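S.K.: Protein chains in written order, with the working numbering: chain A, 1 to 298; chain B, 1 to 393; chain C, 1 to 82.
Everything labelled a hint here was simulated from the structure, so no lab data went into it. Bear in mind that the values here come from a model prediction, so they are computed numbers and not experimental data. All residues carry an ideal CB built from backbone N, CA and C; glycine is no exception. There could be a bad hint or two in this list.
As the list claims (entries may be wrong) - With the Cβ distance kept under 7 Å, some of the chain A side facing chain B (calculated, not the full set): (1) Asn-39; (2) Gly-55; (3) Tyr-56; (4) Ser-59; (5) Pro-64; (6) Asn-72; (7) Thr-78; (8) Ala-83; (9) Asn-90; (10) Gly-114; (11) Asn-134; (12) Gln-138.
Said to hold, decoys possible - Which bits of chain C does chain A cover? Going by a derived footprint, with three or more residues having C-beta under 8 Å, they are: (13) 5–17; (14) 24–35; (15) 45–54; (16) 57–70.
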Amino acid sequence: MINEKNINEGSLLTSGHTACAGCGQSLAAKLVIDASGKNTIVANNTGCLEVFSTGYPNSSWKVPFIHSLFENAAAVATGIESALTHLGKNEQINLIAQAGDGGFADIGLQAFSGLWERGQNVLTICYDNEAYMNTGIQRSGLTPLGTATTTSPGGNLKYKKNLVEIALAHNCVYVATASVHLPLDIQRKVKKAHSLKGAKFLHILCPCPLGWRSDTSKSIEIAKLSVETGLWPLLEYENGVLTNVRKLKSLSPVEEYLKLQGRFKHLFNSENGKKIIEEYKKIVERNVKKYNLLEETK
Amino acid sequence: MKQFLEGAVAIARTVSLCRPGVVAAYPITPQTHIVEELANLVESKKLNAEFINVESEHSAASCVLGASATGVRVYSSTSSQGLLLMTEVLFNIAGMRLPVVMCCVNRAVSAPINIWNDQQDIITVRDAGIILLFAENIQEACDLHIQAYKIAEDKNIMLPLIVNIDGYILSHGYEPVEFPSQELVDKFLPKYEPEYKLDVENPMTLGPLQGPEYYLESRYAIQDTMENEVMNKIEKVADEFTKTFGRKSFGFVEEYKLEDAETVFVAMGSICGTIKEAVDELRGSGEKVGVLRLITYRPFPKKILFDSLKKAKKVNVIEKAVSLGSNGILYTELTSLFYSRCVEENLPKFSGYVVGLGGRDVSKEEIIDIYKKNKDVEIEFLNIKKENLGSYI
Amino acid sequence: MFSKIITRPGTAVSNKTGSWRSGKKPKFLHKNCTGCRSCFLLCPEGCVYGSKKSYDTNYDFCKGCGICVAVCPVKDIEMVEE
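Pulled out of the complex, with its shape left as it was, chain A reads as follows:
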């Protein structure tokens, strides 16, 4: 017999939220909070996640959750952590400060940088759907090369900021990337992060059917291709040392990833577009070399 109890007993981010069908971010957020457990407090920047999960008078969250402004989740989490330390409760409670790509890497970067520098015991998470999706698909600092958004209709001219490198420069104790097509990997990384003391960073690529102009059913396939083309390497750093790379048996061609998404459609029918696809191949080459992505063939 179906009833609400047995459906949502386990999940700390319940159904009934108003995310788009097929939203990669809602999946990632659910995986993260379920791995974190009920002794978790979440501070969230303004963005899709917060808007679709906390519309008054309802909330999807079954853990304590606070949303303040667009750019200050890291600073709010700083305050929460300090308060918990003062109350002597810091050890038992997991803290998360999370944001989308705009809220993390652009407007919120100052606060996250401050938190990382202070080494506070918080897991910071960037749900990266590669544009300001909540306000209608505008370009952000994490929008990749050549992407069409409403504020870069001809194609974004810049490369993504490398948040992993920025986090490493702040001496975060744990830095990792993840993809929604590997849910158990996300959960393992979240649990690992919470077990370490200090500032942690997890960067999750979240396909967005609306903004990426892709089929809702293909979100997982797109996430898989992002990794298997070599564009989104899955890495783990502990105390600045690269300790884990998800190696690939072979590389899928970047075109397979790009052609599933309408935001890259224009790359396939112009000379300039072809050049950008070549740039993507160069990005892959750099990743392969830097992280030794390909499994050695014996």
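Starting from the known structure of chain A, fit chains B and C onto it as the hints suggest.
M.R.: Below, chains B and C without anything else, positioned relative to chain A:
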């Protein structure tokens, strides 16, 4: 026993007696000495608090927001640019009904950059739903801090409160200050125990999205709290303070030689000291003049102001701020207050003077001059130096 | 008055997002399920439920995105007309 101390240090030590659990610090002249003294107090273990060096005032306010939401008493202080930078967070704190107590050491706002005193910074955020108190001297600044926590943390109020002191004049000036004992402060200030907080034992969501069906009532609730609970509480706490600590606390306004005054000066903050001296001198020559010192600016104590001023023939509003393109702000609020209660005849005439911007000194002689000239002006900037106007470089 | 601006945990379940579907829904065939749990783990709504080798979806919340259909390795889920 009194100690002769710098204002900032006195305030920091008083705050320490109030036992905040989290202090967020970011430097900006002229408030920095407050957070520096608090750092010393935490380091020497006289104050048991987490002291967080944040990376901007926006984060300082956000940090105390988060800590207050977790159920811990907080403190921070700022000035001028810092206050303006944290403006959206202050609106957020008030909207989320969190009792954050802060000090604003009033300083001029850029541009041009100027680090000296005026009240433009705090006046600019008067609409946020924050309780605003203005101190005339260092002792009062300390006393208002103790009362601040009691007012803000009341379960039916739960609004932020900012104690304002004039930059340099009160922050860097030295005065003899009386500190109460820790026991007395502990007795006066109950523990901070909010009903709604971030707690894994009782999870809830703070800061939700409210659409047009709900938002209006949330804002109305703050107005209602300001006009009712806060007004009642300020009076009650001032009385309690006077009884507990044996030192008079005025609450909303201080009436100085107002009984038969035909001309009244209205102002906020330390400039009232100068105005009182001018009034003493004028009274000495038989002039019927007095001072109404406004201590509680928000909520705006409408009835008290009306009753105190209605018998005067002339009111000179002296303020260290201006709404550029319009008039002085206090002038505008007072005149509209009287206009809206225009049921009696013979209401006083109002004149508005903008003084002391950017720390320009205001002397007793200039106040006496205002009285003597008795102009009827909507807005006049006091003591404009003609040689500084136009392209003089 | 003091106005508490908080929302209670998990109250979103009163919002039945199943009404979002437009024409198609996933049908769990229960023929050759291997118990891999991909459908359960990868549903963005968290409305796929079950255990061992028997799973289904809560149509009160299912938005019809089709991810469960796409990820099932043995094609034991199909999109059908409502």
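S.K.: Does each hint hold? Answer for all of them.
M.R.: Structure-based check of each hint:
Because the beta carbon of A:Asn-39 sits about 5 Å from the nearest beta carbon in chain B, less than 7 Å, this interface hint is met. Against a cut-off of 7 Å between C-beta atoms, the interface hint on A:Gly-55 holds, since the closest Cβ of chain B lies about 5 Å away. Given hint, A:Tyr-56 at the interface with chain B, holds; its Cβ is 4 Å from that chain's nearest Cβ, closer than 7 Å. A hinted interface residue such as A:Ser-59 counts as satisfied when its beta carbon comes closer than 7 Å to some beta carbon of chain B; here the least separation is about 4 Å, so the hint holds.
Taken as an interface hint, A:Pro-64 checks out: its beta carbon lies about 4 Å from the nearest beta carbon of chain B, inside 7 Å. Residue-level restraint check for A:Asn-72 holds (minimum Cβ-Cβ distance to chain B is 4 Å; threshold 7 Å). Nearest Cβ of chain B to the Cβ of A:Thr-78: about 5 Å, under the 7 Å cut. The hint holds. Nearest Cβ of chain B to the Cβ of A:Ala-83: about 4 Å, under the 7 Å cut. The hint holds.
Given hint, A:Asn-90 at the interface with chain B, is violated; its Cβ is 10 Å from that chain's nearest Cβ, farther than 7 Å. With a least beta-carbon distance of about 3 Å to chain B, the hint placing A:Gly-114 at the interface is held under the 7 Å criterion. With a least beta-carbon distance of about 11 Å to chain B, the hint placing A:Asn-134 at the interface is violated under the 7 Å criterion. A cut of 7 Å between beta carbons decides the hint on A:Gln-138: the least distance to chain B is about 20 Å, and the hint is violated.
For a cut-off of 8 Å, the count of residues in the segment 5–17 of chain C with a CB near a CB of chain A stands at 12, and the three-residue condition holds. Counting residues of the segment 24–35 of chain C whose CB lies closer than 8 Å to any CB of chain A gives 0, which falls below the minimum of 3, so the coverage claim is violated. Check result for the segment 45–54 of chain C against chain A: holds, 4 residues qualifying (beta carbon to beta carbon below 8 Å, three or more required). Look at the segment 57–70 of chain C against chain A: 10 of its residues bring a Cβ nearer than 8 Å to a Cβ of that chain, three or more, so the hint holds.
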